[in-house]
Amino acid sequence: MNLEKLTLEDYEQVKNLSKKYKLDVLKKNDWTSIWGKNPFIIKSQKDWTIGWKLVDPKNEIVGLIHNIPFTFYYKNRNYLAAICGNWVIDNKYRSFALDIRSKFLNQKNIDLYITNTANEISEKVMEAFKAKKISQYEYFNRMVYMLNKRKIIINYIKKFSFNKSLIEDIKSFKNILFKKTDLGISNNFSISNNFGSDFDDFNNNLKKKEILYSSKDCEWLNWKYARLINTDNLWVIKNYDSHKLTGFLVFVVNYEKNYKLKKSTVVELSFINEDELKISEMIKKCILISKKLNCDLVDVIGFNKYKKNLFKKIGFVDKKINNFSFLVKNSNPEIENILFNNETMLDLSLTDGDAIFSL
Amino acid sequence: MDIKEAVDSSIKEFNKSQDKFKIQNIDDFELIGQNSTLDSMAIVNFLMLLEKKLLKDLNIKINLMDKVFLEKKEKLNIKDLVSILES
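Protein sequence lines, in the order shown, are assigned to chains A and B. For the first sequence, numbering that gives the first Met the number 0 begins at 0 and goes up steadily by one. For the second sequence, numbering that gives the first Met the number 0 begins at 0 and goes up steadily by one.
What the hints contain is simulated information worked out from the structure, not anything from laboratory work. Because the structure is a prediction, the values reported are computed rather than measured. Where hints are given, some of them may not hold.
[Unchecked claim] Keeping only pairs whose Cα atoms sit at most 27 Å apart, straight-line, the calculated DSS-like set for lysine-lysine is:
#, chain 1, residue 1, chain 2, residue 2
1, B, 52, A, 132
2, A, 311, B, 52
3, A, 129, B, 72
All chains should be built: construct the whole structure from the sequences, respecting the hints.
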């Protein structure tokens, strides 16, 4: 068995192995662009290993992991993160799974290693390699706003037999079933399906704030959402003050396969000033557009306490996630505190890891 | 207690803790490799048991997963594990 560097020519084998184990794989162009158009790889012009593969004696790929660079900012400094994805191994070679994971978690010049799609197994494995769960306020709660309450409840009940969790969920459904939310808006927001150069200025202003975040500049956002740009599946709600971009919300329209529901997922919510009215209205605008698009629900995973409370005020309810899923192995002491000891300030979400590629 | 005894004791504890996998305490028992009968979770659980024991009984603080996977070749048996730890 050989553990080798993955290459862009391996796509077909990557696709076949991933499909065999029911993992979603992007179309070839989108998959290739993860590295081919990645701003860090383009700018640094350094060799970047796109992942590792376990190869059997017949030269077939029987295991793999992706390795994707992200740039993060904190206190005006940038940090290089390696994001892992598609960790999969053929059952026959399962004892090699850890070799692949170890390759990913032991690279040179990486500040932090991230997975935000960890299942129970990868969570344990990451922790064994000294990764830790981020200490973010209620990251384990996904927040949901129901647009089509009847369909959601029927599909939910169809899917599950009665158990404790279902009964608890029904209680919370009951609480919101007849609740009316005021979705009135007084601000005019600009709506688009792409990102322009005004995001560069926005990112430069955001750098000055004491938050850890993955880059919001135009190049990075266009790369991250490349497969959705200029489609009805990507919506950008922008707030301008004196012609300057001062806040934005992004949501992605996707499908919840388990419950057969059309949903919109809020993936970005950033602003320079904490203007509660404007931020709340951006969220309301997202709900209104989602309604027009016939989505059954709007959901959110992550974000800091301040933002979570705004979502709750509008009528979002908590739904516990089965496993924690956001783990980081940090090798830079400068960001240790914000990652693991600052529950209310940490502001990570789906956009800060591989989850963004599977929506 | 020395390193070999810590490994012996961890094997016993691991075998007692579940019924699905059995680690034989013989030098050439393959923990990791093509002929290993363990899956990744079993390996993680065993190495975590050993890591805790090394700290508790021998005051050796070690990141065992990194140590093992950075140093091992294609396979790792009990004898290799002990030599990695003793080095």
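Each hint, compared with the structure:
Distance check on the hinted pair: residue 52 of chain B and residue 132 of chain A sit about 23 Å apart at the alpha-carbon level, within 27 Å; holds. Proposed proximity of residue 311 of chain A and residue 52 of chain B is contradicted: the alpha carbons are some 45 Å apart, above 27 Å. About 22 Å separates the Cα atoms of residue 129 of chain A and residue 72 of chain B, which keeps this hinted pair within 27 Å; it holds.
This entry does not satisfy hint 2, going by the numbered hints stated previously; all others are met.
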